Amino acid sequence: MAESPLLEFKNVSKSFYGNNVLNGISFTLNHGEILGLVGENGAGKSTLMRILFGMNVIKETGGYEGEILVDGNLVKFDNPSEALKAGIGMVHQEFSLIPGFTAVENIVLNREPQRKSIISEVFGPRLNTLDRKKMDEISQKSIGTLGVNINKDMLISNMPVGHKQFTEIARELTKKNIKILILDEPTAVLTEKEADTLLKSIKEMAKRGISVIFITHRLQEILSVCDKVLVMRDGVIVRETPADKTTVREITKWMVGREISGISAENNESKIQNKKEIKKIMSVQNLWVDMPGETVRDVTLDIFEGEILGIGGLAGQGKLGIPNGIMGLYEAGGKVFLNEKEISLNNPRLCLDSRLAFVSEDRRGVGLLLDESLEWNITFPAMQIQNKYLKMLLGGFIKWRDEEAIKEVTEKYIKELSIKCTGSQQKAKELSGGNQQKVCLAKAFALEPKVLFVSEPTRGIDVGAKKLVLDALKKFNKESGVTVIMISSELEELRAVCDRIAIVSGGKISGVLPAYTDSEEFGHLMVSNVV
Amino acid sequence: MKISKKFLYRSISILVIILLAFFMFVIGRGHTIYFDNKTFESQNLTYNSVYRVDLMVKGELKGQIFSRERISDTCMGQSFNFILKVIESRGDEPKEYEFKIRIPYSWDGVVINLPALINGAEENVYMSKFIPTVVETPSLEDDVVITDEFMIDPVL
Amino acid sequence: MGKTIIKTDLIDDNNSFMGTVKSAVKSFGLPRLIISLFLLLMFILAPFVGANFFTQLSNTLNRFSWNAVLVLAMVPMIHSGCGLNFGLPLGIIAGLLGATLSIELGFTGATTFWMAILLATPFAVLFGTLYGFLLNKIKGGEMMIATYVGFSAVSLMCMMWLLLPYHSPNMVWGYAGTGLRTTISLDGYFNQALSGFLRINIGHLSIPTGALLFFGILALGIWAFLHTKTGTAMTAVGSNAKFARACGVNIDRVRALSVIMSTWLGAVGILVYEQGFGFIQLYNAPFNMALPAVSAILIGGATVNKASITNVIIGTFLFQGIVTMTPTVINSMIHMDMSEVIRVIVSNGMIIYALTRKSEVSK
Amino acid sequence: MKKNTIVSFISNNLVPLMFVLICSVAIPLSGFSFSYLLAEIVTRIARNSFLILSLLIPIMAGMGLNFGMTLGAMAGEIGLILVSDWQIWGIPGMILAMIISVPISILLGTISGKIMNLAKGREMITGYIMNYFINGIYQLIVLYAMGVVIPIVHSSILLPRGYGIRNTVSLLAMRQSLDNLLAIRIGTVKIPLFTFIVIALLCLFILWFRKTKLGQDMRAVGQDMEVARASGINVEKTRIISIVISTVLAGFGMIIYLQNMGNLSTYTAHSQIGMFCIAALLVGGASVDKATIGNVFLGVTLFHILFIVAPSAGTKLMGNSMIGEYFRVFVSYAVITFALIMYETKKRKALREVGRSLGLSQTRLSQSKQA
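Chains as they are written, first to last, in our numbering: chain S, 1 to 531; chain D, 1 to 156; chain U, 1 to 363; chain A, 1 to 371.
For the record, the hints were derived by calculation from the structure and aren't laboratory data.
The structure presented is a predicted model; accordingly, all values stated were derived computationally and were not measured.
Be careful, since some hints might not be right.
[What the hints assert, rightly or not] The list that follows gives simulated cross-link-like pairs (lysine to any residue, SDA-like), each with its CA atoms no further than 25 Å apart:
id, chain 1, residue 1, chain 2, residue 2
1, D, K62, D, L45
2, A, K349, S, P160
3, S, K399, U, K229
4, A, K211, S, N158
5, S, K399, S, K420
6, S, K429, U, R245
7, A, K290, A, V25
8, S, K228, S, R218
9, S, K412, U, H227
10, S, K388, U, R245
11, A, K120, U, N305
12, U, K229, S, T28
13, U, K139, A, K120
14, D, K129, A, R185
15, A, K347, S, P160
16, D, K62, D, I87
17, D, K62, D, G91
18, D, K95, D, E122
19, S, K427, U, H227
20, D, K6, A, E236
21, U, K229, S, R401
22, S, K10, S, P80
23, U, K242, S, D353
24, U, K137, A, E236
25, S, K388, S, R401
26, D, K129, A, P160
27, D, K58, A, I91
28, S, K399, U, A224
29, D, K6, A, G232
30, S, K176, S, T28
31, A, K114, S, T28
32, U, K137, A, M342
33, D, K5, S, T28
34, D, K62, A, R185
35, U, K306, S, Q426
36, A, K237, S, R126
37, S, K200, S, T241
38, D, K58, A, S312
39, S, K412, S, I385
40, S, K466, S, V21
Full structure from sequences and hints, please.
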């Protein structure tokens with residue numbers, strides 16, 4: 001082949017604040033080739049695509065190392081529009097469509113064919129009138145190539161999700177000189193039939209010379225449509241293989257398989273055996289939660305007293321919805337029993353009263369009072385729910401804040417969790433991510449809960465802090481005998497901390513396995529009923 | 001090339017607007033014209049007032065000016081056409097004169113002495129600037145404020 | 001994984017002097033700084049244009065004592081995250097109802113003042129509850145709606161002042177015998193009820209001790225409230241409503257409580273204002289009361305969702321200082337009465353400034 | 001099914017229907033003759049429509065009701081003051097005043113738009129406060145600078161002290177000059193045909209504008225700023241342009257409004273105009289995020305019928321004409337309040353609806369499983 005490949009990555013690396021997220025990525029993409037990109041969450045797929053698409057976040061965090069070549073020319077995109085100009089299109093997971101516009105209007109958004117007039121000559125091209133007829137033609141053609149039947153004059157807001165997805169792809173296709181199309185989990189929202197249609201049209205596109213990078217969790221799709229599969233893990237490409245020479249099982253293994261460190265299988269086993277005599281502390285039955293992007297459909301789960309239960313799964317499958325739903329932060333239904341007593345849902349107060357506590361994954365949004373002191377952050381829930389740190393004046397009529405007790409307990413937790421700060425009065429927003437997370441834990445610990453939900457405790461914090469946070473959790477579990485339910489996207493982290501791990505897929509529990517189980521098994525569960 | 005074309009169009013349109021504004025200045029300038037039917041002396045000549053003058057503007061009778069009377073009319077622009085029907089003394093047949101006068105731009109009000117005009121005097125003789133006798137409005141409160149019925153006025 | 005560099009947690013290398021000054025100015029706010037300096041300049045210039053410093057100070061203090069409670073009425077709602085209380089007229093109406101009822105019921109002298117507060121309270125609680133209920137339905141759009149709720153209420157009351165069966169000859173129109181007058185003199189009722197109490201006169205300086213004391217007590221009350229459990233919850237709701245909800249706080253109830261408090265303080269505030277001013281102003285007068293109070297607290301350093309008692313005191317002093325000083329000083333300097341215009345520009349400029357600041361809650 | 005559509009029709013058009021109801025009670029009470037009412041309404045439609053139409057474009061761009069249209073009104077007034085000092089009369093005077101108002105409007109609109117961009121999500125309250133702020137500056141110019149910095153020749157519009165403009169500026173020389181052009185009389189009703197032609201032209205402009213690239217961009221920005229930005233539309237600039245257009249049109253509208261009135265209350269004419277235009281638009285069934293030309297005309301008709309009949313109806317009903325006057329003011333405020341509340345609750349309801357439907361389907365799912 002004398003011709004240079006359409007796209008080539010040469011030794012591309014990227015780090016965020018000292019965390020290496022991509023390490024020496026090299027691969028090529030030829031004309032008309034379909035490349036499947038798979039990997040666990042956090043493996044670096046999104047970052048890789050963001051680099052290619054010139055997203056601002058990359059530049060803001062110090063750019064990347066290595067070279068990217070398009071058609072043999074070195075490129076470096078500073079913003080998405082440069083990438084667009086170079087012929088790279090991207091279909092995001094979240095729809096970037098305008099709900100009140102028709103399919104046509106969305107497809108040609110900001111690239112509408114126009115007609116000039118005298119007025120536009122004077123006041124500039126933005127006063128050109130739109131050429132509706134041409135708009136229709138272009139859209140119809142583009143929809144036609146996809147092989148689907150979408151009403152081009154239907155408003156996006158009235159469309160089923162699948163049609164929205166096709167509209168987005170159709171939009172990318174109408175872009176001039178489109179060479180590479182990145183599809184980030186395009187089939188996640190499609191019905192099986194629609195997904196088939198999409199796969200067909202992807203092949204069709206490839207035939208017309210457009211190269212496709214296809215990211216999905218549905219491995220079967222990768223095998224059926226891709227020419228080549230790239231498997232990523234921890235920021236490196238662990239395997240590059242032609243799609244017809246591998247199996248789903250193999251890919252899963254590559255995705256999750258790695259040496260497990262610092263965990264002893266026997267230890268775990270003995271613990272589990274002990275657990276069997278211990279009673280059920282909590283039981284969840286047919287739980288559904290309406291949490292945008294993390295919908296829980298039908299979860300039934302038993303939790304034993306004193307254990308650390310992990311809940312894992314791919315992003316968007318609903319694992320985050322479970323604690324948020326139980327704690328009443330999002331609308332939920334179904335039944336939850338604590339010590340055989342039913343807890344009514346959709347009321348955070350009642351959950352907290354029955355000694356449940358929750359450390360939210362949305363640290364800055366839900367977890368902290370960023371503008372207030374550490375004292376407030378740590379003591380607030382305990383004060384509100386259990387009347388701690390209050391002085392009762394006038395026979396309890398006035399509940400006065402006991403600043404001394406607050407300071408005391410805050411300093412205790414600062415010491416215990418070694419929170420790095422200038423003092424208990426420092427504002428929460430001034431702390432680093434790891435220390436903020438510790439504050440969140442301290443807040444939950446101060447409630448002295450019976451069951452503690454910890455959601456994504458290590459998200460967005462550096463490695464050193466990760467260990468401290470996890471250790472603190474383990475210690476809390478061991479010393480106070482508190483049942484801990486930890487939700488995390490990082491399987492290895494769960495395996496290192498938990499006794500049992502439940503995997504959520506498609507808003508349902510696809511299986512609960514002891515933590516020492518082979519990670520390959522977990523991998524299977526993760527993709528078993530991905531929606 | 002493209003930029004210069006746009007620039008050209010824009011400057012032309014701005015120029016057109018400025019010209020339009022200028023044009024409005026000219027055609028929209030309003031003058032009040034006072035017609036005097038008074039005996040008038042100038043440069044040793046005496047123009048005697050006449051019995052009655054009918055003022056016609058654009059075919060419409062604006063007023064009848066008897067001796068020692070004054071009426072006013074308004075005009076926009078700097079030229080003013082009018083027809084005078086002059087009745088020298090009671091019972092005479094009216095004589096028709098047509099006039100077109102130019103009014104100096106800066107004059108708000110113009111006084112025209114009809115006898116002088118009819119008798120063919122020079123422009124600077126029959127036409128003079130109207131100087132209003134200043135009537136001070138005693139105070140602000142006397143100003144009648146007519147608004148739409150929007151009465152509540154929550155200004156700080 | 002091994003290559004990871006652990007970052008230091010606290011970054012504080014900006015120790016240079018300029019940095020300190022800059023951050024001080026930033027935290028104080030440039031507009032506030034300008035206003036303070038402007039007022040300072042006024043005070044310095046005052047003696048040169050023949051105005052007695054102590055007279056000016058007394059005027060400022062006097063006006064401060066009239067208005068401070070109205071400004072204080074902003075605090076609870078800002079604390080609970082309901083934004084600037086453009087709906088202050090609602091509280092004012094409650095206060096006006098209290099004042100007129102108190103007179104109607106035949107009280108005289110300073111008693112009318114205390115009775116007015118007492119009578120205004122049920123109205124304030126009622127209005128506040130309804131208003132709070134409404135604001136809970138429209139979280140996020142509070143300020144605009146508050147403005148128009150206030151306006152609607154004022155214009156509704158305009159009709160009511162005409163229709164309600166008041167009879168006291170000191171209040172109704174003489175010729176018709178019904179309908180309240182636009183201004184009602186408080187002589188013989190609660191004129192100077194507070195300001196006259198313990199008034200200190202030293203030369204040109206005159207301090208309305210009673211009114212200041214009354215404000216002090218209310219401010220202390222608010223301060224104390226913010227130190228209780230419920231007060232803490234209120235601050236947390238304003239600071240991060242999601243956090244408060246996750247901690248089991250009933251956000252709607254806390255917000256409604258703050259609205260009731262603000263409304264009640266508004267009612268008391270207008271009564272304090274009237275006792276100083278000496279007149280009850282009805283009909284369209286409440287329209288004009290909200291914006292000065294809003295801009296005063298903003299000048300004092302509050303933001304759309306953070307306010308303290310200090311902000312109230314500083315803000316009211318600066319605002320009223322400008323109101324009293326500019327006419328005297330500017331007029332004698334340039335012989336133009338521009339004070340009104342300056343006040344309009346300064347106070348509204350301040351509100352715009354506050355609205356355009358990215359809300360201080362870090363998300 | 002049919003019942004459902006009726007219910008939704010009523011709930012979607014609650015404000016106009018309420019107004020029809022109030023008017024149908026108030027008109028007979030007032031005792032005005034039909035021809036008198038008709039004549040008044042025609043006058044008011046001609047007088048106010050242009051101003052109200054100026055509100056449409058910012059709504060399209062998702063910036064809500066442009067309370068800052070008052071800025072344009074002030075620009076128009078400055079134009080009129082200067083023109084009346086220069087003694088330019090009639091329609092040429094109006095055109096000249098419009099030309100003068102344009103750069104001022106553009107300047108004010110740009111400032112206002114930029115500030116609103118800094119206060120996204122709070123555009124309305126910001127625009128509302130902007131009114132007061134710019135009103136202060138307007139007073140500074142008109143009350144202090146005119147006659148000193150800006151030369152004003154005629155003492156008839158100057159305050160006796162020698163600078164500053166009087167409370168009222170007579171516009172006698174251009175009074176109804178536009179309305180009288182091509183005016184038709186049918187019985188006692190005068191139809192100012194030319195004014196209607198101008199208004200029709202503006203309607204055509206708005207219809208055409210929706211079809212332009214810029215109009216399309218505005219709609220996109222109005223619906224989803226982030227998506228619009230991602231597709232390469234300059235969101236900030238688009239928003240500023242929408243405010244600028246609205247401000248310029250409001251300036252023209254104010255000039256048309258004032259030529260009908262025949263005099264200019266220098267310091268108060270603009271202070272309420274925004275409020276009344278917005279109220280009229282909302283009465284016509286518009287909302288914060290959606291308004292059509294139809295809303296404008298329906299609104300101006302209904303709102304002004306109430307305005308005409310309220311005092312007289314109030315007198316008949318309560319024996320006091322002030323009641324009626326206060327009532328119509330109350331109604332205009334209440335309408336705005338109601339529309340704003342509806343808008344906010346609708347916004348929240350739409351968010352919750354999604355959740356509820358999902359919740360329902362899930363419960364059904366689990367129920368069917370259990371059965």
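Violations among the numbered hints, reported as their numbers in ascending order:
Hint check: 1, 5, 7, 12, 14, 24, 31, 33, 38 fail, others pass.
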